[in-house]
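Chain residues, written in single-letter form:
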Amino acid sequence: NAGVTQTPKFQVLKTGQSMTLQCAQDMNHNSMYWYRQDPGMGLRLIYYSASEGTTDKGEVPNGYNVSRLNKREFSLRLESAAPSQTSVYFCASNGDPRRDYGYTFGSGTRLTVV
Amino acid sequence: AQKITQTQPGMFVQEKEAVTLDCTYDTSDPSYGLFWYKQPSSGEMIFLIYQGSYDQQNATEGRYSLNFQKARKSANLVISASQLGDSAMYFCAMREGVRTDSWGKLQFGAGTQVVVTP
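Chains A and B, in that order, are what the protein sequence lines are. The first sequence maps to residues 1246 to 1359 in my numbering. The second sequence maps to residues 4 to 121 in my numbering.
In isolation and in its complexed conformation, chain A is listed as follows (with noise of 0.2 angstroms):
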C-alpha cells in the first residue's frame, strides 16, 4: 500500500540510550517531516527536509539529529535519550506543497522513556 511506514510502532528505551526511528514513503515525495506529539499540545515539528539531500531544524530539534538517506527515507536519530522525549512521533512526507496541499502521515511511533 502506498504511503509513509514508520518502524518501529512502539519502543521503551532506558535513559542514555540511543536509538534510530526510520520512515519511509513510496509516493516519490520531495519533503519529510518529523513531528512529535504530547499531551495538549498538537504536534510540534522537530525536523524536515524539502528535498534530497537537504535538512533543517524544526521547532524542538534539540536532542534529535536527522538524515535523508535517499528520496523515499527519512530517520530520526535519539543519541541519547532522555524522559523529556517520550512522546509520539509522526513522520509525513508532502509532494510540492506549491501544488499538493496533501501531507500523509505515517502510523505513528509511540517512545517511552524511562
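None of these hints come from the bench; they were simulated from the model. Treat the hints with care, since some could be wrong.
[Unchecked claim] If you only want the chain B side, here are some residues facing chain A, beta carbon under 7 angstroms, derived:
1) Y28
2) G46
3) E47
4) L51
5) R75
6) G107
7) F111
8) G112
9) A113
10) G114
[Unchecked claim] The following residues of chain B were derived to be distant from chain A, with all beta-carbon distances above 10 angstroms:
11) P12
12) N61
13) Q110
Only a predicted model underlies this, so the values are computations on that prediction, with no experimental measurement involved. Ideal Cβ positions, reconstructed from N, Cα and C, are used throughout, including at glycine.
Since the structure of chain A is already known, use the hints to place chain B on it.
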C-alpha cells in the same frame, strides 16, 4: 507565539447533531492554507479538509465544511449529522506561504477532543 489556537479542549455532541470546532490563526502572510485533521483513538492522522487563503468559497467535503472568515482569521470546522465514529481528536493546522520561514511546514493547534454520544 502560538499561531493556531483551538480554544475548546473537549466537547460532547449528540449523535445526528451538528458540531462546530473553533480555530483561529495568526499570520501576516497573504498566502496560506488551513487544514483540519482527525485523529481517532487508534492514533493515525486523517486529513479532512483544506482551505486556501485565496479560495473564494468555503471548502466542503461530505459532512465536513469549513467556515472560513478571513477578516476574523477564523477557520471553524463544522461536522453535520454527527456519527459515533466521529469521536476523535481534531486538529487545525496552517501552512504559510513561500515567502515565509515556515513555508511547507504544517503548524498545529492543540486539538479538540470530540465525544459523540448516542
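Results of checking the hints against the structure:
{"no.": "1", "hint": "Y28", "result": "13 angstroms, violated"}
{"no.": "2", "hint": "G46", "result": "5 angstroms, holds"}
{"no.": "3", "hint": "E47", "result": "5 angstroms, holds"}
{"no.": "4", "hint": "L51", "result": "12 angstroms, violated"}
{"no.": "5", "hint": "R75", "result": "21 angstroms, violated"}
{"no.": "6", "hint": "G107", "result": "4 angstroms, holds"}
{"no.": "7", "hint": "F111", "result": "4 angstroms, holds"}
{"no.": "8", "hint": "G112", "result": "5 angstroms, holds"}
{"no.": "9", "hint": "A113", "result": "5 angstroms, holds"}
{"no.": "10", "hint": "G114", "result": "5 angstroms, holds"}
{"no.": "11", "hint": "P12", "result": "8 angstroms, violated"}
{"no.": "12", "hint": "N61", "result": "16 angstroms, holds"}
{"no.": "13", "hint": "Q110", "result": "8 angstroms, violated"}
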